[in-house]
Amino acid sequence: MNDKRIPHIKSVETRYFEERDALFRGLQRLDRRTFMKVSTGAAAAAVAAGVSYHAHTFLPINVASAAEGGGARQEFTFAYISDSHLYAKKTNERFVRQLLRAVDDVNALDPQPDFVLYGGDLAQLGRKEELDLGAQILKSLKAPVHMMVGEHDWFFDMGHRWNELFGPENYSFNHKGVHFVVLMSVHEKDFWTPRGLTPAERMHTVAGLDNAIQSAFEVGATERAWLKKDLEKVPTSTPIIVFSHSPLYKLYRPWNFWTDDAEDVQAILQRFEHVTVLHGHTHQVLTNRIGNIDFHGMLSTAWPWPYAPQGLPALTVQMNRPNPFDPNDGLGDGTATVHPDGLVDKLYSLWNRNPMAVKASYLRGSSQQDAPALPTLASY
Amino acid sequence: MKTTPWLAVALIALLSQAAAANPPPSSPVKGAKVVKLCDNKTTVQVAADTPQTPEEGKKIADALMAQWQAKNPDNKWVAEEVEAHQVVPPEDNSKLIGTGQSSTYGAVSAQDVKVWNTETYKEAVYGSTVFHSGDQLGSEIAVSCDMCHPRAANTHPETYPKFQPTLGRVALLRDMINWCIEHPVRGKVLAPDDPKMRALESYILAQRKGVALDYGKR
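Protein sequence lines correspond, in order, to chains A and B. Once you know that position 50 of the first sequence is 50 in our numbering, the rest is easy, because the numbers rise by one and skip nothing. Heads up, our numbering is the position in the second sequence plus 380, with the first residue counted as 1.
Calculated from the structure, these hints are not laboratory results. Please read these numbers as outputs of a predicted model, since none were measured by experiment. Note that CB positions come from ideal geometry on N, CA and C, so glycine has one too. Hints should not be assumed to be uniformly reliable.
[Said to hold, decoys possible] Label pairs and their calculated CB-CB ranges:
1. A:Met158 <-> B:Gly478: 52 to 58 angstroms
2. A:Met158 <-> B:Thr498: 49 to 55 angstroms
3. B:Tyr595 <-> A:Asp190: 44 to 50 angstroms
[What the hints assert, rightly or not] Computed far set for chain A versus chain B, every beta-carbon distance over 12 angstroms:
4. Glu93
5. Phe95
6. Gln124
7. Leu125
8. Asn211
9. His283
10. Ser366
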């Protein structure tokens, strides 16, 4: 198989439309005077205003937007890899190879993303050797990595090894005018003590997506208090991007496509103008919008999940049903482009298939043209 | 439901007192009767002068059952598997009780319906244990069916048979099960009548109960 990533092979048509989009996006940001210059073909003036030209088509493809609002925010991109579910190498080398493929994908991005988000479930059964192996592989990423924890990383030793390797599970940082929050959202109420389960049995129970013995995922009161405090001094105009392993809404309880205190978390985020949540766990293209919050899922590098039989958000355009004869179908990684206004375009770089873009313009209902293409084979 | 097993055992135990005339392998207490469980192995000794009353029968049955349960610690596997993975129960045929003709003489009894239901369900529940266990599937890479198919989602058994170009022939559900065992699971393929294959088919079909057959659908 050609290991030069498919997402990077774009047709002339795709490139034309991308350039066209970029041009018009850029033009919107220009003031009237610069616009006149551009539209009258005063190329030199346009270049001076930060418009660059694509050598092949002579269409302007990039309009510098740093000048907007006193140079506050610029457009930037970050990449994601998620849900690799590594066993020890001798147990299962396939999941290892798949994570390596995603690392290659991200390292091949040109320009490089500002950082890489790892979306949780690095390990399958939370063992030290699994987490260590994952940490070692992720070291080869060229861009800096921000780690998020998943339930498969947690429930063997309750996060002990993960914390040793990657630090605290809840943290925040600012990047180019956007406030990022990484939230541990997969706490579970104690189901193991009454049953007398060993740590390995507890982990095994949580590792089964359809295992009904486990409790529902929740952020929990302590973490919610931390989140509230973290956001206290952040102005409402600052774009907020939250990374959580479980979707921060209620989709389908039997598979824990669910966060039990989702409404409480959403209430904390409600006062901000633009909030985007990126979550792992669901291993599929998943789109939702609740109030001011846009939600995007992430692809897995290990295996795809089917869509839940109930509760699928109306905005979700499903990815194609993975073909069992096509290894690695339905898997992948991707990027998110953060616009100067704080809105996020999400790109799902599906291996072996065309990438799927879920744009903020589609989510916010401002462009029906930006709706992702419908799948030919939907979930049963 | 809960009380019936010991009742059945009590009946068997009482009936088999007469049949227990052959000397058991262990040396019996002189003058005691030996009562055997229907597994033909578990026994208890009963004093010869024990009155043949239901109360005494229950005591004997309880003693036998206690021994059997101690020897079979996994005996609650059906209940445990159902609690974890919520296997869809089979059609409840209780409306047939008292009507028609059963496999034995007379109308369908509650016992008939219970046996149908229990045995059918047990096959699907066994299938669920295989479906959720990389070890039972013989996976070399610790992969099980539920990793891609939680609660058998997206297995769509109602769409078979259908032509699968990759296999070069019309595939039945069991062909796809074997394809998955061989490739993503990396285990050993099962013979069509392998107990595990029969159980896997039962589980997958059970989870799609009520869905219309639609063979050939993609």
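Hint by hint, here is what the structure shows:
1. A:Met158 <-> B:Gly478: 52 to 58 angstroms: Hint holds: Cβ distance 56 angstroms, inside 52 to 58 angstroms.
2. A:Met158 <-> B:Thr498: 49 to 55 angstroms: violated (40 angstroms)
3. B:Tyr595 <-> A:Asp190: 44 to 50 angstroms: Hint holds: Cβ distance 47 angstroms, inside 44 to 50 angstroms.
4. Glu93: violated (8 angstroms)
5. Phe95: violated (8 angstroms)
6. Gln124: violated (8 angstroms)
7. Leu125: With a cut-off of 12 angstroms, A:Leu125 comes too close to chain B, as the shortest Cβ separation is near 9 angstroms.
8. Asn211: Given a closest Cβ separation of 5 angstroms, the condition is violated.
9. His283: violated (9 angstroms)
10. Ser366: holds (34 angstroms)
The structure fails to meet hints 2, 4, 5, 6, 7, 8, 9 from the earlier list, while all remaining hints are met.
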